[in-house]
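Protein chains: 2
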Amino acid sequence: MSERIWTAALLVIGDEILSGRTQDRNVAQIGTWLNVQGIRLREVRVVGDDAAAIGEAVNILRARNDYLFTTGGIGPTHDDITVDSIAAALGVPVVVHPEARAILEAYYASRGGINDARLRMARVPEGAALIPNHYSGAPGIQVGNIFIMAGVPHITAGMLAELTGKLEGGAPLLSRTIGCNVAESEIADQLAQIERQHEGCQIGSYPFFREGKVGANFVVRATDQARLDACVDDLNAALVAAGFQPVDGGI
Amino acid sequence: MSERIWTAALLVIGDEILSGRTQDRNVAQIGTWLNVQGIRLREVRVVGDDAAAIGEAVNILRARNDYLFTTGGIGPTHDDITVDSIAAALGVPVVVHPEARAILEAYYASRGGINDARLRMARVPEGAALIPNHYSGAPGIQVGNIFIMAGVPHITAGMLAELTGKLEGGAPLLSRTIGCNVAESEIADQLAQIERQHEGCQIGSYPFFREGKVGANFVVRATDQARLDACVDDLNAALVAAGFQPVDGGI
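Same order as they appear, the protein sequences are chains A and B.
Position 42 of the first sequence, counting from 1, maps to 41 under numbering that gives the first Met the number 0, and the rest follow consecutively.
Position 114 of the second sequence, counting from 1, maps to 113 under numbering that gives the first Met the number 0, and the rest follow consecutively.
These aren't lab readings, by the way, just hints derived from the structure by calculation.
This one's a predicted model, so the numbers in the text were calculated from it and none came from an experiment.
Be aware that one or more of the hints could be misleading.
[To be verified] Cβ pair distances, simulated, as ranges:
1. G90/B / R100/A: 53 to 63 Å
2. V246/A / H153/B: 20 to 30 Å
3. F207/B / Q224/A: 39 to 49 Å
4. P152/B / V35/A: 18 to 28 Å
5. H153/B / D49/A: 27 to 37 Å
6. H133/A / D188/B: 45 to 55 Å
7. E125/A / A236/B: 37 to 47 Å
8. P92/B / V246/A: 35 to 45 Å
9. I59/B / G242/A: 43 to 53 Å
10. Q244/B / H153/A: 18 to 28 Å
11. R63/A / Q244/B: 47 to 57 Å
12. N58/B / A101/A: 46 to 56 Å
Every residue, glycine too, gets a C-beta built ideally from N, C-alpha and C.
Go ahead and model the full structure; you've got the sequences and the hints to work with.
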């Protein structure tokens, strides 16, 4: 009985991420949120403000995943080319969405009024629906299996909240973390053996060096709680047998 | 006179990045470092601990960029499959590098001794050279135009320091930032016009909302200092003419 795995890709768009000026937060935010929806973030790409690069990534990623999320490039300025690039990749025209226009007119009524730059944010690929944005007016956009989100992380967080529970997914990926003051290279054989013995479980090993001590957090992931717990029990026992003290929840 | 642009790609490897458990820092770190080397980070991909996904990305990214950096998956445990996956993608065998073996034997002499798991970190694609790691023994690896680095950001920082000034690149990308308490949508037309008037310059617009005020930082990028300064002068003048107070260096 093999369960269907639902997957998503994320395309992060923006020169400022590639230049190192801006630290991306959306990969971790969207990856975490997708797990709770029962959807696995399978791949991420980051490209600059370049229509050809955006188009290439969009067409590959949307075809081989259940969902594609994009972040960045939906503001009012000349370097915001996400909507145009995605519409071109889909082969559809860009149209003004009447509801988006109404939202922006209302939002900017008390903020200096609407203008051409602000109206850019009402433009969507033909056939798109809107994702509400309670922070700054300009909505996110859904077209087919593509979800076009803001670059600013807290605005994207609000859009994700709107989508919570609305996307079809599988069983959420569960995880438990065991921390231990052990060099991962001392326990590597046991980790591999335990993972092999527990079908449906993965063990990730994440070393650290803190307060003069080496250690590692071992993250066990599975979609089945009983299998997850059984694997964690064996891992704990192996660490104790090797003379170490595992810490539930990680260090 | 069009200058050759040197480009790099980065492949971030690790389930922990996609799951959201670990916040990536290497994109910003490597993007920033590459700018100083006169190399542009053009694209990034993040994939899980999956040999096929690693191999596909490696072969595409190394072919269409001058350099390919990878981070993650070079530790001693079963989920560290970067070296094997890259060797498979290149069609070369994995061999034990004698110098890497000697480094690890010396490093672990006072840390419990060498073992099979630790020796995994001496394995390299055939034909590879080493990148010194002064923090934790296990070296980075160079094979062709691929630079295989650690996932832990401060270890990668040490490896980057070893490579500083050693990669051929072009003119470094320069940037200046002008901050202003203006809604970017009020100044969007001027930004687009100024960018068009200044060949070789790009203007990025990065809005913020802070202490109850909207604002934006405008980042002007160019490889030529005189062109950069001329563009910034025009941007400053346009902001003043529109009734705003630009702040050199950003807000």
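Which hints, by number, does the structure contradict? 6
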